[in-house]
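Participant: Chain residues, written in single-letter form:
There are 2 protein chains.
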Amino acid sequence: MNSEEFRQFGKRSVDYVADYLDNIRDRPVLAEVKPGYLHKLLPKEMPTTPDHWTQILPDVENLIMPGITHWHSPKFNAFYPTGSSYPSIIGEMLSAAIGCIGFNWMASPACTELEVIVLDWLAKALGLPECYLNTSDGPGGGIIQGSASEATLVALLVAKEKTVDYVKEFHPEKREADIKGRLVAYASDQSNSSVEKSSLHASITIRLLPADENGSLRGSTLVEAIDKDIKEGLIPCCVIATLGSTGTCAFDRLDELGVICNEKNIWLHVDAAYAGSACICPEYRQMLNGIQYADSFDINPHKWLLVNFDCSTMWFKDTTPLISAFSVDRIYLKHDHEKQNNLAPDFRHWQIPLGRRFRALKLWFTLRLYGLSGLQSHIRNQCSLAQYFETLVRNDALFEIVRPATLGLVCFRAKGEDSFSIQLLDRLNKDGNLYMVAAHVDGKYVLRYCVCSRLTEPNDVESSWALITKTARHLLKENEKAAKGVLFLGGESVSEKKSKTICTKDEHVKTE
Amino acid sequence: MNSEEFRQFGKRSVDYVADYLDNIRDRPVLAEVKPGYLHKLLPKEMPTTPDHWTQILPDVENLIMPGITHWHSPKFNAFYPTGSSYPSIIGEMLSAAIGCIGFNWMASPACTELEVIVLDWLAKALGLPECYLNTSDGPGGGIIQGSASEATLVALLVAKEKTVDYVKEFHPEKREADIKGRLVAYASDQSNSSVEKSSLHASITIRLLPADENGSLRGSTLVEAIDKDIKEGLIPCCVIATLGSTGTCAFDRLDELGVICNEKNIWLHVDAAYAGSACICPEYRQMLNGIQYADSFDINPHKWLLVNFDCSTMWFKDTTPLISAFSVDRIYLKHDHEKQNNLAPDFRHWQIPLGRRFRALKLWFTLRLYGLSGLQSHIRNQCSLAQYFETLVRNDALFEIVRPATLGLVCFRAKGEDSFSIQLLDRLNKDGNLYMVAAHVDGKYVLRYCVCSRLTEPNDVESSWALITKTARHLLKENEKAAKGVLFLGGESVSEKKSKTICTKDEHVKTE
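Protein chains in written order, with my numbering: chain A, 551 to 1062; chain B, 551 to 1062.
Warning: the hint list may mix true and false statements.
[Unchecked claim] Dumping the calculated DSSO-like pairs for lysine-lysine here, alpha-carbon to alpha-carbon at most 27 Å:
hint, chain 1, residue 1, chain 2, residue 2
1, B, LYS814, B, LYS718
2, A, LYS561, B, LYS561
3, A, LYS724, B, LYS561
4, B, LYS884, A, LYS994
[Stated by the list, open to error] Incomplete in silico selection of chain B near chain A, CB under 7 Å:
hint, residue
5, ALA568
6, GLY649
7, LYS747
8, ARG880
9, LEU904
10, ASP992
11, GLY993
12, LYS994
13, ALA1032
14, ALA1033
15, GLY1035
Everything labelled a hint here was simulated from the structure, so no lab data went into it. Being a predicted model, the structure only gives us computed values, none of them experimental. We put the beta carbon where it would ideally sit given N, CA and C, even for glycine.
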């Protein structure tokens, strides 16, 4: 493909993208395909000679799109949002075209320096303390990581090395491996799965401590767990506090946890992957109460600040232990300016991989083309849409609110037994016109409705709610009919009968 | 920014990208900026109100481009190539626009299934054994990781857990932490810095064993190290074999290492980040001799198969230990099809982060629009350009070849003392019209000339060589003059004099 063909293909692709997002509501949000569908459609080997570029976009439309879950559709209300915006999409393309690998300053000064600058822009907009700024006098600073998982893993790894150093200071006779084998980390039982997974990767035992009735991990619970572990000869090493849990958008008590961590010299990492972005609005900034105690802090602009995945911004109060723990040098990585300085750090020391994309470009494009006011409007708009959804739920006697709208999330359920809400979610997702996931709250099964797409408008919320209530009422009727069938069949419902047959068939297949 | 503005901005950006790559030779390959240059040019805070999109591209050109090291310029001959091509750039843009997060099959079936399919396409093109295919009957398969570093870390982590299980089978009384503290990994002292760094992240002691005179790690060296460690009560756990070292493109003896690993139940990971791609050409496939012993294998299509970073393809012989070691579940991640099957795996279990971009799209675009023949031509063309460079070096009496062209890399130096080659590289890089990095071979300082850009043509190689020899001859004259100056000044050279002055000035500044 030469540059002339690229100009044609590229422009046609730009139109395809615009058309896709203009008309995204017309598609079912969930793919209507069965596992293995694409294997039947594509050849078993790559083509020997080049395909022509004009074949590609029709194939994307006809083969790929039927298997896409449309994360940017207003009908997507699962998990949390994943960011996307026009400026960010173009930033991603330009970053791919420049295609530099910014592992150190010399490998592309602009790649490092723009990251340093926009991380400071963002830190200021969030109201983070001065010590986290790259341009502060101290040893703190910010970097773009690939994901909140990576940020948590980096925090756990540096906490591990720092704790080993600290213990050896007082007990030089202790073996490093023995110390590492006794380390313990702590998080709430409401923390994201990635926190537990990172602790597995870091080979650190993690205690998922019980949250209180609001879903918050409290200082008293943490102290109790720490004291118990210390008595048993274990070594507390890291606390991962969650601001905005995945289940219900609950907040750990950072102010309480922070004091304890600082007193006991335990690394405090704050995972505010989704909720953190809201702090660009002053009215939400109180959720950062206690942030001054944190050693590291992470939010995902790729969740809620309209930047495409991956862009997880992480700030450290002190990057020194990070650099000293994980610096590995080779002659081919040396350059004249490698003496770390705040304006031109070698970011490779701050992250897991060596290579890194020019991700600051899409963040810069997004921050500039929305401006702080535009981003604040986006956050406030999504929060008000969630509040609107909550009102709709409250006005329907079939349903109840389990957690009022918190930022963009509402947790609700059908009144009565869990089984009906389970059945309802299953039917909604199978129909493919609304995608939600479930959570457990106080032992109950609840449905999470999250405002995810930047395109969502009040009438999308209304349509979603209309679909939910319509489906629920359909199901009620079906269940009533089935109940009558029970009477008719003498104690066995139609649906039980049906599932039994299927079971038998499955067992038959198994024993074949 | 609405979709109409996006159409305009996007199309103008497509032209900007095409113009950039059409005229990339006109720019100095290395940025002529000093650390902190961008801080002087950009505001200290993000704009309050949105900037207009028409301001962005001029700012990219005027503010960002002066700080870019142009990795796709034919004057970029450092490290190894980083991939880029028109199809891949467009694939990246479409992936950003679709913007799905494919952590499990349900989250976007096409995202997972296309990855399964193109990884099989690539495995077949490379001539990998059947057991690594996703569609094989066995438990093997392939996935896209972010980088070779991540692939190495995943291999080390799964090797660690597998070894713990194996040891506990025979010694159930042993504590997990004690076992983990005794694990040892092995690699060549020629392996990439990321291998050593991954071992730090995995908290596993690594032995960087001496390579032979060809830069290859041999079986006998490995056996000796293993035996010594076992005698000392340590537990060998993982071997990372390098195919195509960063310094000189040396190859470990996979056939010898593999037998030992399989005999002793040690995980064998093969890091073929750069060189592996060449195996799509049958004439290079002998470098995979012994691959049947490997537990995991990684190459970077984002290095040499024209795909943009990040796209590091990793294959496993058996993914079972991976899934069992790192599965963490939550109610919101459950879906109807999560029972792993070869055609629709939940890839989140195979990698470090939870989230994942639709990276298969750019790989698919590239494989289709080049075809196997186009990719083979690319590899062969770059190899023949390296051979051409070698011929030019051999025809100049001032220089010597240290390692003949191996794939796209030539290692050479100025005859005589190291100091002249050091001076030469320093001058070339400072002038900014050619970028190379150094290596050490047999205790000597050598220059690495690597054919990196897909745009490189024979006359680019000639221009680079002309610049190298011209600069060398200039330097010789300067040195001669300086030597005369020594006589004149009575034993002190002009350049020493000069640098002394600078030193004094620097010290002066420091003490201010």
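Participant: Look at each hint and say if it fits the structure.
Facilitator: Hints, one by one, checked against the model:
1. Between the alpha carbons of B:LYS814 and B:LYS718 the distance comes to roughly 16 Å, so the proposed pair stays at or under 27 Å and holds.
2. For the hint pairing A:LYS561 with B:LYS561, the CA-to-CA distance comes to about 5 Å; that is within 27 Å, so the pair holds.
3. Taken as a hint, the A:LYS724 and B:LYS561 pair is broken in the structure, with Cα atoms around 63 Å apart against an allowance of 27 Å.
4. Note on B:LYS884 and A:LYS994: the hinted pairing holds, with a Cα-Cα distance of about 17 Å set against a maximum of 27 Å.
5. With a cut of 7 Å, the hint placing B:ALA568 at the interface with chain A holds, because the nearest CB-to-CB distance is about 4 Å.
6. Taking 7 Å as the C-beta contact cut-off toward chain A, the hint placing B:GLY649 at the interface holds, the least distance being around 4 Å.
7. About 4 Å separates the beta-carbon of B:LYS747 from the nearest beta-carbon of chain A, less than 7 Å, and the hint is met.
8. Hint on B:ARG880 holds. Least Cβ distance to chain A is approximately 5 Å, under the 7 Å limit.
9. Evaluation of the B:LEU904 hint against chain A yields a held restraint, the C-beta minimum of about 5 Å falling below 7 Å.
10. For B:ASP992, the shortest C-beta to C-beta distance to chain A is roughly 14 Å, which exceeds 7 Å, and the interface hint is violated.
11. The interface hint given for B:GLY993 is broken, as the beta carbon of that residue sits about 12 Å from the closest beta carbon of chain A, more than 7 Å.
12. The criterion of a C-beta within 7 Å of any C-beta in chain A is not met by B:LYS994, whose closest approach is roughly 12 Å, and the hint is violated.
13. A distance limit of 7 Å between C-beta atoms decides the matter here; for B:ALA1032 the minimum to chain A is near 21 Å, and the interface restraint is violated.
14. A least Cβ separation of about 26 Å between B:ALA1033 and chain A goes past the 7 Å threshold, and the interface hint is therefore violated.
15. Here the hint on B:GLY1035 is broken, as its CB sits about 25 Å from the closest CB of chain A, past 7 Å.
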